[in-house]
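Q: Per my numbering, the sequence shown starts with residue 126, numbered consecutively.
If you are wondering where the hints come from, they were derived from the structure by calculation, not from laboratory data.
Remember, predicted model here, so these are calculated numbers, not experimental data.
From the three backbone atoms N, C-alpha and C, an ideal C-beta is built for every residue, glycine too.
Treat the hints with care, since some could be wrong.
Pair by pair, the computed Cβ-Cβ distance ranges are [unchecked claim]:
hint, residue 1, residue 2, range
1, Asp283, Ser214, 31 to 39 Å
2, Arg178, Tyr338, 34 to 42 Å
3, Ser278, Asp205, 13 to 21 Å
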Amino acid sequence: MGPTTASVLAQRARAPALHPMSFTEDTMNEQSVEVGGLPAEPHDHICALYRGRDERDGLMMPFLKAGLRAGDACLCLATDGEGGELVASLSPEHDVSRLVVTEPRDAHMRTGTFTPEPMLAFLHDWSRSAFEEDNLDFARVVADMSWGLPLVSAPFIDDLTDYETRATEWARSYPQSCVCMYDLDRFGGNVIFAVMRAHPKVWISGVVVENPYYQSVE
């Protein structure tokens, strides 16, 4: 992501007319009546651009914890070896029966490589189960996309962009809010700018803004 892109998004983040929202537990609790505790709208597909594990956890964990307290279905697509650690960090107040945690080998890399179709089928099946079988009212999905770092190449970026574009359509098919997390310290601009175009909203510098680079397939 070049300086111009970053500066435009930063300006959007500072603009009061956009009513920016921060992923904090306090904000979630304040808005729980309107959107099930989630400080984002149903059907959102948000690209979260963060730096380092501490900032990632500061976004991911309050997002999930507030959902579990509210009785939402929660899906966390964690990185290798972190699923158990994530579950262990939850307290008894969090209803983990509503939480599914998967790592890349059971999600994005479930076929041994990455192609969009199997992962999209996984997401659709999970949402159908949550809403049509369990009759839940709201869902949250958060994905750490760091699993893709060893795979970065031109064909992979094309597949990833296709996947994220179609994931926006999936996010809109049920009352759910979805966050894909990309570490700016690890992914290059070739990946960041490509995936940004597939997300209607971007989290940057502590707020959510409408994405001026989003390219709708409609």
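Q: Is it true that the C-beta distance of Asp283 to Ser214 lies inside 31 to 39 Å, as the hint says?
A: For Ser214 against Asp283, whose Cβ atoms are near 36 Å apart, the range 31 to 39 Å holds.
Q: Holds or violated: the 34 to 42 Å window for the beta-carbon distance between Arg178 and Tyr338?
A: At 26 Å between Cβs, range violated.
Q: Does 13 to 21 Å hold as the CB distance between Ser278 and Asp205, or does it fail?
A: holds, 20 Å
Going through the hint list in order, the structure does not satisfy hint 2, though it satisfies all others.
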